[in-house]
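Let the sequences and hints guide you as you build the complete structure.
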Amino acid sequence: MAFNRKQAYIKMIQKGIMAMLPLNLAVLPWGILCGSLAIQRDFTVLEAILMPMLVFAGSVQLVVIELINDNVPLATILFTTFIISSRHLLYGLALRDKLKDLPFKWRGSLGFLLTDELFALSGKKRAYQGKLKLVYALAAGGSFYLCWLLWNIIGIVAGSYLPDLTSIGLDFAIAVTFIALVIPSVTNLAMLVTVVVAGLLSVLFKLLNWELGLVIASLIAMYSGYLTAKKQNALNIVNNKKAKIKL
Amino acid sequence: MTLLTIILLACITFFSRYLFLHPKLPIRIGAKITHFLSFSAPAVLTAIWVPIIFIKDNSFNSSFSNPYLLSATVAVITAYKSKSVYLTLGTSLSVFVLLRLAPI
Chain Z
1 MAFNRKQAYI
11 KMIQKGIMAM
21 LPLNLAVLPW
31 GILCGSLAIQ
41 RDFTVLEAIL
51 MPMLVFAGSV
61 QLVVIELIND
71 NVPLATILFT
81 TFIISSRHLL
91 YGLALRDKLK
101 DLPFKWRGSL
111 GFLLTDELFA
121 LSGKKRAYQG
131 KLKLVYALAA
141 GGSFYLCWLL
151 WNIIGIVAGS
161 YLPDLTSIGL
171 DFAIAVTFIA
181 LVIPSVTNLA
191 MLVTVVVAGL
201 LSVLFKLLNW
211 ELGLVIASLI
221 AMYSGYLTAK
231 KQNALNIVNN
241 KKAKIKL
Chain B
1001 MTLLTIILLA
1011 CITFFSRYLF
1021 LHPKLPIRIG
1031 AKITHFLSFS
1041 APAVLTAIWV
1051 PIIFIKDNSF
1061 NSSFSNPYLL
1071 SATVAVITAY
1081 KSKSVYLTLG
1091 TSLSVFVLLR
1101 LAPI
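Chains as they are written, first to last, in my numbering: chain Z, 1 to 247; chain B, 1001 to 1104.
Because the hints were derived from the structure by calculation, they are not lab data.
Model, not experiment: these values are computed from the prediction.
The reader is advised that the hints may include incorrect statements.
A short list of chain B residues far from chain Z (calculated; beta carbon distances all over 10 Å) [said to hold, decoys possible]:
1. 1063
2. 1064
3. 1065
4. 1098
5. 1102
Below, computed lysine-lysine pairings styled on DSBU-like, alpha-carbon distance capped at 30 Å [unchecked claim]:
6. 125(Z) <-> 98(Z)
7. 133(Z) <-> 1024(B)
8. 1083(B) <-> 15(Z)
The beta-carbon is built from N, C-alpha and C at its ideal position, and this holds for glycine as well.
Right under this line is the structure:
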């Protein structure tokens, strides 16, 4: 019995790692970029390692490294970080009902690991339900953490030998992974509306240089999708009633 | 100084991820909000990837000589048809690298 349980956990760990593997690989150039940039902008090796180890957020790392290098005031750096991170508030909110009653060791660890990538894998209805699914999520998120750290370290070690990598299109791998995760979930009109609105508004807000653009575009897109689903539901109910009356 | 900054940054990123997982927080999420939040993943992820494709150096680039756009089109079609993350990554990254090596 105990042996079977152990086997089931091992199986879940493998599944979690496999599910995260494409994302782990897709952020390889991004991680190398973050690590090498820190070194090129005069971070010590310790500081450069602590960025992925503790802060553990690609977009924050990239932006903040430049800000620290430009001697921007601390308050501005912290505020910018909060704005960039604010989308994670949404992730926590979306997963609240599934995670809030768990012991702190699960909430704390999964919370720490709750990146865009782990959230992207959390969409299934039964995600985080039961210990096996939690082990799965921990393995997925944990493998992402370790890879992120490793890619950063490669960047830190190679940093002084690499040219400035910021301008050669490394971000495409991230875009493609998100495309691969989002497009298959567009199975109905409400999802289509969500994705189209998010795409249009995010580009618009980015061109306007709105710091909060990402979150605002997402919120409006979510509301558009929600309204579409509600309208469709209402229409379906009306149609069903009509059909019944005809019968 | 940088060390202190890094620790403060870590607190902020952890705070933003953990806050709503905390049980003592006095909010309850009803059915409507749950439905609304079910759109969060496609919305946020799309709001991250679309600007990467269309914006270069703060200006809009929708020309087909933009390697990002052509490769992303391949990615969207592959993802839609195959639903496979690996196949999508494989085909579109190949197209992207080819376009970089030999621009149209």
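Report task. Sort out whether residue 15(Z) lies within 30 Å of residue 1083(B), counting only the CA atoms. Result -> Holds, because 18 Å separates the two Cα atoms, which is no more than 30 Å.
Query raised in the report: Going straight from one Cα to the other, do residue 125(Z) and residue 98(Z) come out at no more than 30 Å?
Result: 10 Å, holds
Query - No chain Z beta carbon within 10 Å of residue 1102(B)'s - result: Holds: least Cβ distance 15 Å, greater than 10 Å.
Requested in this report: Just double-check residue 1063(B) for me: nearest Cβ-Cβ distance to chain Z has to come out over 10 Å.
Outcome: 15 Å, holds
Query - Beyond 10 Å from every chain Z Cβ - status for residue 1098(B) - result: 13 Å, holds
Query raised in the report: Is residue 133(Z) within 30 Å of residue 1024(B), Cα to Cα?
Result: Distance ~24 Å between residue 133(Z) and residue 1024(B) Cα, so the pair holds.
Query raised in the report: Does the no-contact call for residue 1065(B) survive, Cβ to all of chain Z over 10 Å?
Result: Holds, since 14 Å exceeds 10 Å.
Query raised in the report: residue 1064(B): least C-beta distance to chain Z exceeds 10 Å?
Result: At about 16 Å from chain Z, residue 1064(B) clears the 10 Å cut-off, so the statement holds.
Violation of the numbered hints given earlier is absent; every hint is satisfied by the structure.
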